[in-house]
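**Student:** Now for the letters of each chain:
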Amino acid sequence: MGRQLLLEHIDKPGIRGLEAYRAHGGYRSVEKALKTMTPEEVLEEVKKSGLRGRGGAGFPAGLKWSFLAKPEGVPRHLVVNADESEPGTFKDRYLMEHLPHLLIEGIIPSCFAMGANTAYIYIRGEYFYVSRILEQAIAEAYAAGWLGKNILGSGFDLDVHVHVGAGAYICGEETALLESLEGKRGNPRIKPPFPAVKGVWGRPTVVNNVETIAAVVPIINDGGDEYAKIGIGKSTGTKLISAGGHINKPGVYEIELGVPVEEFLNSDEYCGGVSGGRPLKACIPGGSSVPILPAELLFRTAKFETRLMTYESLSDGGFQTGSMLGSGGFYVFNDTACIVRSTWNHSRFYHHESCGQCSPCREGTGWMEKILYRFEHGLARTDDIDLLWDVQRRIEGNTICPFGDAAAWPVAAAIRHFRDEFEDHARHPTKVKDPKHFEKEPMKRVERSYAG
Amino acid sequence: MEHATKPHTATEGVAPFTFSEEAHAECRIIISRYPADHSKSALIPILHIAQAENNGWLSVPAMDAVAKLLKIQYIEVYEVATFYSMFNLHPMGKHVLEVCHTVPCMLRGADDVVAHIEKRLNIKPGGTTADGLFSLKTVECLGSCGTAPMLQCGAKYHEHLTTEKVDELIEKLRIEPKRNNYTDR
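Order-wise, the sequence lines are chains A and B.
Taken in order, the first sequence gives residues 6 to 457; the numbers are from the working numbering.
Taken in order, the second sequence gives residues 1034 to 1218; the numbers are from the working numbering.
None of these hints come from the bench; they were simulated from the model.
Just to be clear, a hint being listed does not mean it is correct.
Claimed, not checked - Pairs of lysine to aspartate or glutamate, EDC-like flavour, derived with a Cα cap of 16 Å:
{"#": "1", "chain 1": "A", "residue 1": "Lys53", "chain 2": "A", "residue 2": "Asp227"}
{"#": "2", "chain 1": "A", "residue 1": "Lys189", "chain 2": "B", "residue 2": "Glu1109"}
{"#": "3", "chain 1": "A", "residue 1": "Lys441", "chain 2": "B", "residue 2": "Glu1109"}
{"#": "4", "chain 1": "B", "residue 1": "Lys1073", "chain 2": "A", "residue 2": "Glu187"}
{"#": "5", "chain 1": "B", "residue 1": "Lys1127", "chain 2": "B", "residue 2": "Asp1164"}
{"#": "6", "chain 1": "A", "residue 1": "Lys254", "chain 2": "B", "residue 2": "Glu1192"}
What the hints assert, rightly or not - Derived contacts from chain B toward chain A, CB cut-off under 10 Å, selection only:
{"#": "7", "residue": "Ser1072"}
{"#": "8", "residue": "Leu1103"}
{"#": "9", "residue": "Ala1114"}
{"#": "10", "residue": "Met1139"}
{"#": "11", "residue": "Ala1181"}
{"#": "12", "residue": "Gly1187"}
{"#": "13", "residue": "Ala1188"}
{"#": "14", "residue": "His1191"}
{"#": "15", "residue": "Glu1204"}
{"#": "16", "residue": "Asp1217"}
In this text, a Cβ means the ideal position worked out from N, Cα and C, and glycines have one as well.
The whole structure should be built from the sequences, with the hints applied where relevant.
**Tutor:** Listed below in structure tokens is the structure:
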């Protein structure tokens, strides 16, 4: 197992409480930042670390912070995005549930660097019980003087509040999240202006994922350079991967970026191999929005290079033969899984969660769901594949927020890599009416060559 | 499949709504977290409290009370309540079983869990048993893919489900006197 910067102390007894957390070196980064550093130095360390946003887009965190507008007399805010709703992703829940103080600790130097005196943790409504854990931890932090007025005598004031949502995937998109935080429907805003200039209540705001903010703690403790030594190229540091689906050991794993995908899937330290002793069929490496990778492209790229768990390696080959690291929701399909059925399920999800603002997405997701329903229920014809391709093509890039792209990509990739399965569904309508058709008789797949 | 259905507009037979003292105090605390001129931000957290106080659903009187508390227009509450999937606009059963059926759970047998509950309680997703004890909902990813299949009942996650575990849970809930709410501590 590689270095554990975030989860090192997760199994220590009582680590959810302040006392045990402090005994294991908690809040050291706050002492260091507030007593020995200036806000600019904190920002500099984060920039040097090369830390990239862990929510999915992978935008450099230090750069995002440096865009923050600083008009006189206008308060600035940090909003922590804990609206983790990407199917396949559950790392933030794990982190907040077991190490609530790590998130709070990370918020303090981050706000110090931004000059923000109020931070909000926007947590999805379904995680209500986790919000209670966070509130408890925040109360402890206030009582011990880590939050509130004049922290450690530095003159820096900080208030942290938890805000619960109410069940909307779209609120994970940063501008929809801000709308929701203002007590409105979660309709994404047109950018620019970016939140760094006009965020919540028109004030400059930085929105960062839970894991990104937590990673600030080891960056301050050990220095940005030390953090940047872990990983490969522009993928620095460690990343929490939520592993699920057909594997032997589902759970959250902290990996050093750069671990080979094959090792991550098959090693007993991590996923422990494909479950049921069945052959691997496909894998979605970064949450439901990223393109699915068939088995022959998961361990090797089309250029026969070893595929690594990094932002660059997973997206090698573009959407033709690659995918994305995304939010790190890694889920695996063995040969009993039906790709048509899972694509239909994904489309149903996106149809349900579309906010309805832009027509291509509002209507297109519904059409895709209906077409895919036809395939899975023995009602489709082979030319529906082209129809489906056409619909997804018209959504991508034509919407205000990236939700439209996220809805289109899984469908495009499923057709690109598993067209034979769609054809099979159209040709054998009676067989596919049974939802367990592949469990009973897995489909023989012709291995395709992606070379060249 | 839709985000939400029409608000339950019937006024006949719908109980009037007032916040309990306790809930009112909690609402005050929530409002204090936001800048004084932006108290509308407290809307979603307060709707959760109103729903818990109103037997698990948001009636028109309950939404109107929230609007008055926050000094905003009624429509501003309705448009939010109809957008978010956790707000119920119809009376619900005492215990709402929300089974995740998105792909990671599906791969690990969520469909079987739904089918089992359907058979066991003789209701379809979206339905409520005749005795008003249980409602069944299928919901999208609840962020518990590593412990799939799972269901949520009130604030609680029930994970690694098997048919036996589901039966056990149903029997336990049958005799539970209190309703399970998201806001439970």
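**Student:** All hints are to be evaluated individually against the structure, with a verdict given for each.
**Tutor:** Consistency of the hints with the structure:
no., hint, result
1, A:Lys53 - A:Asp227, "holds, 12 Å"
2, A:Lys189 - B:Glu1109, "holds, 8 Å"
3, A:Lys441 - B:Glu1109, "violated, 45 Å"
4, B:Lys1073 - A:Glu187, "holds, 6 Å"
5, B:Lys1127 - B:Asp1164, "holds, 9 Å"
6, A:Lys254 - B:Glu1192, "holds, 15 Å"
7, Ser1072, "holds, 8 Å"
8, Leu1103, "holds, 8 Å"
9, Ala1114, "holds, 9 Å"
10, Met1139, "holds, 6 Å"
11, Ala1181, "holds, 6 Å"
12, Gly1187, "holds, 9 Å"
13, Ala1188, "holds, 4 Å"
14, His1191, "violated, 12 Å"
15, Glu1204, "violated, 23 Å"
16, Asp1217, "holds, 8 Å"
In this structure, the hints that do not hold are numbers 3, 14 and 15, in rising order.
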